[in-house]
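So the chains spell out like this:
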Amino acid sequence: MPDHPAQPPMMFSRRSLIRLGTGSVLIAATPLPVFATPNDVKAAQQELFGSRVIREGRVTLKLPAIAENGYSVPFSVEVDSPMTEDDHVRQIAIFSPRNPIANVARFQLGPRAGRSAVTTRVRLGGTQAVQAVAEMSDGSLWSGSARTVVTLAACVVL
Amino acid sequence: MIRLSLALVFAALLAACSPAPTAGTDSPAGNVRSGYTFLTAETQAMQDDSFANPGFLWVDRGAALFEARLNHAPSCASCHTTGLAGIAATYPAIDEASGDLLNLEGRINQCRVRHQNLPALDFESDDLLALTAFIANQSAGMPVSVSTDGAAAPHYRNGRDYFFTRRGQFNLSCHQCHDKNAGKRLRGDTISQGHGNGFPAYRLEWQTLGSLQRRIRDCDSGVRAEPKAFGDPTYIDLELYLSSRASGLDVESPAIRR
Amino acid sequence: MASIRLSVPKTAMKGEIIELKALIQHPMESGYRRGSRGEQIPRNIITRFECLYDGEVVFSADFHPAIAADPFLTFYTRAVGSGTLAFRWTDQHGEMWSDSATLTVT
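Residue numbers (my numbering), protein chains in the order written: chain A, 259 to 416; chain B, 113 to 370; chain C, 657 to 762.
If you are wondering where the hints come from, they were derived from the structure by calculation, not from laboratory data. Where a beta carbon is used, it is the ideal one built from N, C-alpha and C, also for glycine. Treat each hint with caution, since some may be false.
What the hints assert, rightly or not - Only pairs whose alpha carbons sit at most 25 Å apart, straight line, appear in this in silico SDA-like list of lysine to any residue:
1) A:K320 / A:R405
2) A:K320 / C:K677
3) B:K296 / A:I324
4) C:K677 / B:D212
To be verified - Now the stretches of chain A that chain C is said to cover, found in silico as 3 or more residues with beta-carbon under 8 Å:
5) 307 to 319
6) 377 to 385
7) 390 to 401
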């Protein structure tokens, strides 16, 4: 650490900081981002769907039980629907109750999709249950969720 | 009397040091396993699908660069008309002309300067990563097989010494994690054997493709040691030792790693 | 120049549901990361993806920063006839990348 004789003495001696673990120094230097809460998910859903009722079912989310790294988590969503002109999925919206932003993505489908299934990779800011809401051609809303445990890299290098 | 006590002191000092590496013990406890085997099924699937594996974005780019003619320079393909299958599996290797030990990145840059009259590419630049990924991928599925005798022998020994030397605030050597504790947990991770057969690799932690030297530098930072500069000869010696240690494992570039 | 990788079958039977994969090189900088000097790295993400089948949008997506770097998508479409499948990505600044593949439907 550089020598600053003009500054007030440090609260911790360097030795005790090292004993605490360099992690504590890093937390002090990097402000923690503000994370969303389940209420933010509700607000995001209301923004998209108003106050319409969202029923549980017909939507299957797949996430690994343990995510090896929160920066890239394989994710898939499938909706039970015949995908015909009269009965199909219009859109699927994905929400996170723990990321800094509740909205993750929105997929627009339609009868030409043939199968209402999408795969992608998402960033997750911590262990959580990701939620998906599907809007059908008749206006009904269905939801599903899946939980994953998000682990940190062993040697965190900043 | 003094000679005896000196001898005793000497013996005590020797006993306190890490055991000196002996020839033929490169394989971690005899059972060599690729980093692939330490991944979850989902991450393995990501590596296996060449459309899901983002490393192939660099392989594609490298393929284009390999064919391209830049500033009227001859393209790589104009000399290497049949491609470079099998070459990456033998690197790092001694360059006969200069006598230096070169890793793949060093060889690519040397070719550019010497045969194409082009400037060397920066370490970790997209173009260098792309060319390295493309050439390494041409050896995918072939066993790693490097030469450690002749002119390579002192480099091999230097790399091996680095592997067994404790460093950093945590005072750890590569050997301690990747030989003695491979398979055990470090926080949520399982410690791999530390082979480089998948590099350049798409590392989820980096959110991009990176070289083996980038990974080695992260390891040094991980034990709170000051990493050496990219291209440091000691790192290339270490890469040679790692490749020898990984003998027989298939090249997997571009692999997915955590 | 962003690298793009597409998986589109070369041929399909009429009415068959085909799987499409699209991968593009892009850092998808979330805007929440800090650099080595503590400076906040500004957000820079792809915000929109569209797949057009002979000019008609058959699948599209809106991305937020939670979509991982080098965004990857797998989705489906019905093979209605021979034609061109175009894939388009647009980022928050309006910059666009695209690629296409031909599909022969028998």
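Going through the hints against the structure:
1. A:K320 / A:R405: holds (9 Å)
2. A:K320 / C:K677: holds (18 Å)
3. B:K296 / A:I324: With a Cα-Cα distance of about 17 Å, the restraint between B:K296 and A:I324 holds, given a limit of 25 Å.
4. C:K677 / B:D212: Between C:K677 and B:D212 the Cα gap is close to 44 Å, so the pair fails against 25 Å, i.e. violated.
5. 307 to 319: Not satisfied, violated; 0 residues make the cut.
6. 377 to 385: That given contact holds, which follows from 6 residues of the region 377 to 385 of chain A lying within Cβ reach (below 8 Å) of chain C.
7. 390 to 401: As far as the region 390 to 401 of chain A goes, the hint is violated, because 0 residues have Cβ atoms under 8 Å from chain C.
Violated hints, listed in ascending order, are 4, 5 and 7; each of the other numbered hints is respected by the structure.
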